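Using the hints provided, position chains G, V and R relative to the given structure of chain S.
Take a look at the letters that make up each chain.
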Amino acid sequence: MIDKRCSSAHEAVACVHDGATVMIGGFGSAGSPVELIHALIDHGARGLTVISNNAGCGRVGLAALIEAGRVERVVCSFPRSADSEVFASMYRAGRVALDLVPQGTLAERIRAGGAGVPAFYTPVSVGTPLGEGKERRSFAGRECVLEHALTADFALVRAERADRYGNLVYRKTARNFGPIMCMASRVAIVQARRVVEPGEIDPEVVVTPGVFVQRVVEVRDPADESALVREGRRYP
Amino acid sequence: MIDKRCSSAHEAVACVHDGATVMIGGFGSAGSPVELIHALIDHGARGLTVISNNAGCGRVGLAALIEAGRVERVVCSFPRSADSEVFASMYRAGRVALDLVPQGTLAERIRAGGAGVPAFYTPVSVGTPLGEGKERRSFAGRECVLEHALTADFALVRAERADRYGNLVYRKTARNFGPIMCMASRVAIVQARRVVEPGEIDPEVVVTPGVFVQRVVEVRDPADESALVREGRRYP
Amino acid sequence: MSAHTGWSREEMAALAALDILDGTCVNLGIGIPELVAQHVPPGRELVFHTENGLLGVGPPPTPGDEDADLINAGKKPVTALPGAAYFHHADSFAMIRGGHIGVCVLGAMQVSATGDLANWSTGEPDAIPAVGGAMDLVAGVGRVLVLMEHTTRRGEPKLVERCTLPLTGVGVVSRVYTNLAVVDVAARGLVVRRLAPGVDIEAVRACTGAPLIDGRDGREEGP
Amino acid sequence: MSAHTGWSREEMAALAALDILDGTCVNLGIGIPELVAQHVPPGRELVFHTENGLLGVGPPPTPGDEDADLINAGKKPVTALPGAAYFHHADSFAMIRGGHIGVCVLGAMQVSATGDLANWSTGEPDAIPAVGGAMDLVAGVGRVLVLMEHTTRRGEPKLVERCTLPLTGVGVVSRVYTNLAVVDVAARGLVVRRLAPGVDIEAVRACTGAPLIDGRDGREEGP
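Residue numbers (my numbering), protein chains in the order written: chain S, 1 to 236; chain G, 1 to 236; chain V, 1 to 223; chain R, 1 to 223.
No lab work stands behind these hints: they were computed from the structure.
Because the structure is a prediction, the values reported are computed rather than measured.
A virtual CB, placed ideally from N, CA and C, is assigned to each residue, including glycine.
Heads up, a few of these hints could be off.
Unchecked claim - Covered stretches of chain V (chain G as the covering partner; in silico rule of three or more C-beta atoms under 8 Å from a C-beta of chain G):
id, stretch
1, 76–89
2, 94–105
What the hints assert, rightly or not - Stretch-level coverage of chain G by chain R, calculated; a stretch enters the list once three of its residues show a Cβ under 8 Å from a Cβ in chain R:
id, stretch
3, 28–39
4, 75–88
5, 116–128
6, 219–233
For reference, chain S alone in the conformation it holds in the complex:
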């Protein structure tokens, strides 16, 4: 029987090894898999490369993972926000490296990684500092750059509902990077507010088919990361 359920967030992330590349879902706090990230901090894996849209807020979630010194490199589009002091100070101290990628290029590179497309051309970033050093080519008179697929060993993703096959639906704009990160990672680890029986999710509305998901853990009352940040919480 196929059963991708884990009994705890700690069990779900136990497979993450030192030096792994980990995609982390969420756009700001929406969709941030806070419980999985905290379990990963407890787990202790280090030397991680994190691929995520942002670089964490406050001193919880991804910011706490970075603060704990576990992250060598962040690949993201927007590591700056009102509450991103942790990344800023670690970056300025040379303790974390940054690959800055335009947001749509980041999303498309992740999708390409999941879809078996090793590289593609895009006009985005041509003529800008982020386009420098990239291979150029013109299509129908438009200059483009070559972009390479991103893949990861693991993805940490928050969903709304899941079943034991790993089928997922998300909630509102918390969907964001979850579906493509599940596609692009060897082991997609998902926390869902509810884990339901197969068939309870209408096959027409599944957003992430189970084939893209390897581990599922129910987290009934996930923390609202933005609330934790407002309250000044830190982890651990």
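Frame of chain S, contents of chains G, V and R only:
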């Protein structure tokens, strides 16, 4: 007010011009927009390039469009089936040209066209006759070919429900090429079994957001193309 | 001339909103551009896209009704209108890069006479670089409108011959709305289409870093 | 030796099914491979994928319950099991090309000693060329199993040194199940793993177009 509804299939396809490139949804008969194709036959546009997975069955739908001599070229993955005599005889008579494309490459080229990606690399077709003449490049030791995006002037697509914004949901495996063809065409023309009020389609389950759709027509009882073929029907 | 002479931010947003055709799908950048949504002229329906995965963005929720899972690209709580749709990031940027979004309205640090845009980096060595979706928007959206003050707080021109700050895109801006003027980026240069009340074109030229062609109604043909 | 000596098609399908691990996501080609779904050993759960947009394909519907909108890649009516999911073609082939489908089972016209596969074109000049998803499957799926008769109807070998028919993919086949034998494509050549009851390896060699290594249990180490 945004209102993409048309009062008839004939009105919906009236904009198709001679020489246009037209994507036609469906996989076999599932999702084939029979009423729109028949309206296009009545409309009379000729010199068309059709992009579709198949090349029609029996003497209705796409087969009838080809039989009427309106199609100069078909871009597809599988123009052969038990009931595809029309394409076969027109092809052998030199009256329709064929670009044969592996099915996944066809789908990805269409998606790329809709997503503003002019070209991408894929390992599919390397070392085969369909890979001959294509530009080659190796990524991580794997040989790939360069594939170019496909776009179209128009798409004819069948959906299950639509609203006046053009939001769409599909039914079962009739979804197939519809979503990506709406993305890749300048004017996506959609027949839906029901056109509903905005808000009646849950925003979480929309498959094709309205921004990809330009025209919507309600066809309450669409013909089952496979039944028409079994019955030996022809159009007109 | 003070940066706050002329139109208010609200007025600038209203002017931009007036120029967006009925039925257009619009992406609004963070900051002043967000005000555009409040100034859609009566009788027009625009659909607002936010790149974090929602088409059909509605007004902010009433206090207490915020939903942490329903935010815009600026990470502010929003609502979804009837007829909205949620989608993932790759689909969202397929809309942008694929040319399906008709207009985007962005803030800017500098705009050049040829429509180059600089709006993502101050270029300062200790700044944390952050680009978000700006480069994707300017590369993919059909018409890029810029809303900005005419000069920096220190009075330096933001409309310039060439941008000195790191670029977001090359030749991408269509029209600029400042507190002083509405300026088109045309093949022959920057063309003033409209001046704020009480503002003189020579005064605008004095705080602009590139030549301005006077293209106001009755003065000259459009580009 | 007649092509119909040895295992029946049902037996070949059952042998292939035995080799597919619990929990695998499987794509079945049109024809003999479709039989594999009926021979999943008790206690194993496989998820069947059809490239036209369904994961969780169930058995054929009872007559009268067919749904024209619910078909497989062979355009035959199917059902969807609890836990199924529908998706569009680009997502479906993202699963295939992206390596998410563990096994595919295909028919073949020829398989070479190095695992080249020819299964889409007879190469005849008047044939209507049609490729479908075969090239995508062999390029993307981790393990490609072939189910085929050992020879053509005219008795010609289908396991050959080099394919003479147009290729579907180069070096893609892992294992071949014929009516006579189970044969692995290994680095050192074709290795016979099992023979059908009453079939002699020399007889198999006689109707095979490439050298066969005898790798049956107890005879030799695996590749």
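Enumerated hints in conflict with the structure, sorted upward | none
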